[in-house]
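Working from the sequences, and respecting the hints, build out all of it.
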Amino acid sequence: MRGIAAVFYRDYRQRMTNIAFVFWDMFVPLAYLALFGSGFQQIVAPSFQVGGQSIGYTAFLLPGVLGMITFTVAMNTSWGFFMDKDSGIFYELLTYPITRPQILIGKIGFNVLLSLMGAALTIALGGLVMDVPVRWVTLPATVVVVAVTTAGWFFLFSVLAIRLNRMDSFNTVTSAAYILLMLVSSMFYPVTDMPGWFRAIAWINPMTWQVDALRYTLFGIGASTTVLLESAAFVLFTIVCLAFAASALNRAD
Amino acid sequence: MSAIVVKDLQKVYRSGAATPVHALNGVSFEAPAGSIFGLLGPNGAGKSTLVKILGTITTPTQGQAAVMGFDVVKQPLEARRRMAVVLQQTAAETLLTVRDNLLIYAYLHGLSGREALRRMEEIVDEFDLRSKLRETVQELSLGTKRRIQVAKIFMLDSPVIILDEATTGMDPLMKRHVMDRLRQEARKGRTVLLTTQVLSEAEELCDTIMILNGGKTLASGTLQDLRKLSKQMFRVNLSVAEAREDLDELLRALGPAELKVEGVTAEMLFLGEEAALLGRLAELARAVTITQFEVRGPNLEEIFVKLVKDA
Chain A
1 MRGIAAVFYR DYRQRMTNIA FVFWDMFVPL AYLALFGSGF QQIVAPSFQV
51 GGQSIGYTAF LLPGVLGMIT FTVAMNTSWG FFMDKDSGIF YELLTYPITR
101 PQILIGKIGF NVLLSLMGAA LTIALGGLVM DVPVRWVTLP ATVVVVAVTT
151 AGWFFLFSVL AIRLNRMDSF NTVTSAAYIL LMLVSSMFYP VTDMPGWFRA
201 IAWINPMTWQ VDALRYTLFG IGASTTVLLE SAAFVLFTIV CLAFAASALN
251 RAD
Chain B
1 MSAIVVKDLQ KVYRSGAATP VHALNGVSFE APAGSIFGLL GPNGAGKSTL
51 VKILGTITTP TQGQAAVMGF DVVKQPLEAR RRMAVVLQQT AAETLLTVRD
101 NLLIYAYLHG LSGREALRRM EEIVDEFDLR SKLRETVQEL SLGTKRRIQV
151 AKIFMLDSPV IILDEATTGM DPLMKRHVMD RLRQEARKGR TVLLTTQVLS
201 EAEELCDTIM ILNGGKTLAS GTLQDLRKLS KQMFRVNLSV AEAREDLDEL
251 LRALGPAELK VEGVTAEMLF LGEEAALLGR LAELARAVTI TQFEVRGPNL
301 EEIFVKLVKD A
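Line by line, the protein sequences are chains A and B.
Using the working numbering, you'd call the opening residue of the first sequence number 1 and step up by one each time.
Using the working numbering, you'd call the opening residue of the second sequence number 1 and step up by one each time.
Honestly, the hints are just simulated from the structure, not real lab data.
Honestly, I wouldn't trust all of these hints.
[To be verified] Lysine-lysine pairs mimicking BS3-like chemistry, simulated, CA-CA at most 30 Å apart: (1) A:K85 with B:K132; (2) B:K306 with B:K216; (3) B:K7 with B:K228; (4) B:K260 with B:K228; (5) A:K85 with B:K175; (6) B:K188 with B:K175; (7) B:K74 with A:K85; (8) B:K175 with B:K216; (9) B:K74 with B:K188.
And the structure:
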């Protein structure tokens, strides 16, 4: 545990050297919710049917915004590996008496807190200011989903950040992944209303699993069996990505 | 007991369709506990690859390596717990202060907050870092960054210290201090493995030296052992009583491999039997009054150059 705590502290100290960066991680998703969400709510309809329930577009989008927060925080955290490579500390870190998974878990630890802060702000904005009908009682489950999914995305992007030598290649791949995973998921629109090919891709997209789980814990929307399966799939995805990232660290030369 | 054991270590780098690179090709050695072991070799000799394998950054293609009895591939964490590594590349948390760099390093090596602070206090004066504790590393010179990197290892008690060209970029005084400190640590029982291209450093510091070239061992042993490999090489320095125009000609007649004459002094390198050399010098003494005379075996640099050239 001491190894994880030490890496956690290291990442905390590093992230705190650039508060603007942290602020940006929080601000962009909030802006999405405030501007994009309320804008679309005006255009689409005051409410529409999803999974047999009536919901406004702002509420529909809110879980997606939480997804964006976890995704952005994870992407920026894994980008930190390039900073470590630049400063030379990356290889030295591999000689320290901590395991590769401890490095990865410690590194995401502080950033999970950032994700949770961002999620809390977003839910507060939605629930308290924009009249989104948040189920406060299941909030602890939302916290768990945000924490696990931040870690899952981070482990995925870490594989790329460790394996790729060029930062511009990493930025290209992650930006493309960001757009594709967001657009071909249940983030912006109900998957059930989309064409067959879209549904097929969306169902194997971890972003859909994440957003569906968040939508369920926040509003109770969705079939519990499906959400349970999707959540299990995301946990598996997280474990597999952790294993791949640890393996990438083992072959970092 | 050997603190570091390396057996038939091989490392092949394969990159797509390119020809595989044999960075290490059957290297073996043992570094006894409490000794200073020097790895020498030109660029690309395989020194850094060896350090990366011992440091568990990369794995060997074949062969074994162990630190304090722990296999670096099968028990990497146990091996890492017993070593402190300074890599060739400057490594520092550039966005953080010097203080954070030192403390975080100690935390990452399992020291408690109080112990980390105590050890930091011990080394900051020694490495002239106190005035820089609150500065972020990115504002510091390369030499200072290197000093922080090396200072960190003295915060730990790990039985093995591995340094890959660690004194590169340091000022001569600090370099001298690090060398003295390494000697002290070895006397306390810590084992030091260092790679260097500064041969005088290795000559002065190392108990055992291994010369690598092209991933292979060219020679290994104490400085005395290595000198025996070049036993037919002698450097002669002499001074004569008065300057002579024909001094250069007289000395050249002795058949030195190298000759440098400056006024009344001359420096020569001879290859061949020692007895024959002394005979020729005796002949010279009949023609010229020699006031000072010194014959010595090759230094490490000369041995190194000869071995690498011969290879």
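Hints versus structure:
1. A:K85 with B:K132: 24 Å, holds
2. B:K306 with B:K216: 16 Å, holds
3. B:K7 with B:K228: Holds: K7 of chain B and K228 of chain B sit about 25 Å apart, inside 30 Å.
4. B:K260 with B:K228: Judged against 30 Å, a Cα distance of about 25 Å means the pair holds.
5. A:K85 with B:K175: 26 Å, holds
6. B:K188 with B:K175: 20 Å, holds
7. B:K74 with A:K85: Satisfied, since the Cα-Cα distance of roughly 26 Å is no more than 30 Å.
8. B:K175 with B:K216: 29 Å, holds
9. B:K74 with B:K188: The hint holds at about 29 Å.
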